[in-house]
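> One letter stands for each residue in the lines below.
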Amino acid sequence: MKFGQFEIDKFGDRFICIGRVGKMFYQDGFPVSMSVLELGKKGIDVSLFHVADECLKNGWSPETTIKKLSEDFMDDKSILFKHDKLTVFCNATYEDQREIIFQYLFEVTSKEALESKSVRDDKNLHYYLLNAMLEDKESNKELLTEFNRLLNDSTYN
Amino acid sequence: MIQPIINCILVKVEYQTKESYVSEAGLEIFLDPDLRNTELHSLAFNQTDYRQTSGVVVALPMGYSRPHYFYDNFVSEVEVGDKVYFHYTAIDLDSRIEYEDERYYAVPLEMVWCKVKDGVLTMIGGRVFCEAMEYEYDDIEEIEVGGVKIKVRMSGSGLVTEMNPKTQDINRARLIHIGTPLKNLPEVDVVPGDVIYYAKDADFENLIEGKKYFCMTQEDILAKQI
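Residue numbers (my numbering), protein chains in the order written: chain H, 185 to 341; chain S, 22 to 247.
Keep in mind that the hints were calculated from the coordinates and are not lab data.
Incorrect hints may have been included.
To be clear about the criterion: a stretch of chain S counts as covered by chain H if any three or more of its residues have a C-beta under 8 Å from a C-beta of chain H, and this derived list gives those stretches [to be verified]:
id, stretch
1, 110-116
2, 127-141
Below, a list of computed lysine-lysine pairs in the BS3-like style, where the Cα atoms sit at most 27 Å apart [as the list claims (entries may be wrong)]:
id, chain 1, residue 1, chain 2, residue 2
3, H, Lys-241, S, Lys-172
4, S, Lys-245, H, Lys-241
5, H, Lys-241, S, Lys-170
6, H, Lys-251, S, Lys-245
7, S, Lys-221, H, Lys-194
8, S, Lys-221, H, Lys-251
9, S, Lys-136, H, Lys-241
Owing to the predicted nature of the structure, the values given are computational and were not obtained by experimental measurement.
Built from N, CA and C at the ideal position, the CB exists for glycine as well.
Using the sequences and the accompanying hints, generate a full structural model.
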């Protein structure tokens, strides 16, 4: 779904903006704090991990990314800015960053999602599908394969 | 003299932000240079339009820290006295240093796009500059409205579907400047003048020496037109 320039998806019961906020901040000078406020009014969360990820992909170092995002939120005390979580994210390896994003979006670890026994009953069904749709990566192919295996398994039919 | 410790160069700029800004409606608005990214500022102006994005290098860092891949592979080409262009957020209150009645700014090298020395532009840190290309559709028709001829695109049933058919090409640009790649990264087989296809969202427009360029990394170049 696209809301103006923003890329928004539904994860469980939550609407989360997963794209374009970082680009607007990095390229157009539109503050992240304002995006958070404006989208918040419409009940949409902004994934700061995706914002940081966009900045890091543009070549910013973890220090610069943390500094610039912290400065952006400095003037607006109404937003709860989780500095520690962002620091951990920015300094993590690429794989760990994907895991942090996965946990934020789906509220379970990728391991838990893979090991989960109930596919039809809980929201893990959506986790598999959504994650596979979000990015075409090797890890997602594994998830999709696992998902198909579970679906075809007679015990769950 | 002062010298930055790690990863930053010290630059001297003419101003931090422009004193005034002329809106699209022609209204001149005067700015407080010490103002932060407040709501008013952000709503009224595009920050990239009035923030300073170039300066003269006055000191180089004592060294480079290694936790980030950029500094692991960075080839230092900046020298004192060079004019450098950088990201618009590089110049702010937090990076300001006041020394002997002069104002300097510490700019991280990962934010520097290029240097200009004796009129020669050299790219820094594996960045490239590209020029936007315009795409014109094949099915453009010219119609007359009120005595004025305009170019439009029309559907089969005769409805005007597009009034401004000449649009900026998406993901395609002409390469203008390319420099040394970062260490350990392969050299990209493109030369200035090539038509290249770039990654999504890499079209970051910057005004360099009076010309508008897309600034992107060499890794953002996905393909070239042969």
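> Compare the structure with each hint and give your call.
Quick rundown of the hints versus the structure:
{"no.": "1", "hint": "110-116", "verdict": "holds (count 3)"}
{"no.": "2", "hint": "127-141", "verdict": "holds (count 3)"}
{"no.": "3", "hint": "Lys-241(H) x Lys-172(S)", "verdict": "violated, 40 Å"}
{"no.": "4", "hint": "Lys-245(S) x Lys-241(H)", "verdict": "holds, 22 Å"}
{"no.": "5", "hint": "Lys-241(H) x Lys-170(S)", "verdict": "violated, 45 Å"}
{"no.": "6", "hint": "Lys-251(H) x Lys-245(S)", "verdict": "violated, 36 Å"}
{"no.": "7", "hint": "Lys-221(S) x Lys-194(H)", "verdict": "holds, 22 Å"}
{"no.": "8", "hint": "Lys-221(S) x Lys-251(H)", "verdict": "holds, 25 Å"}
{"no.": "9", "hint": "Lys-136(S) x Lys-241(H)", "verdict": "holds, 22 Å"}
The structure is inconsistent with the numbered hints 3, 5 and 6, although it conforms to all the rest.
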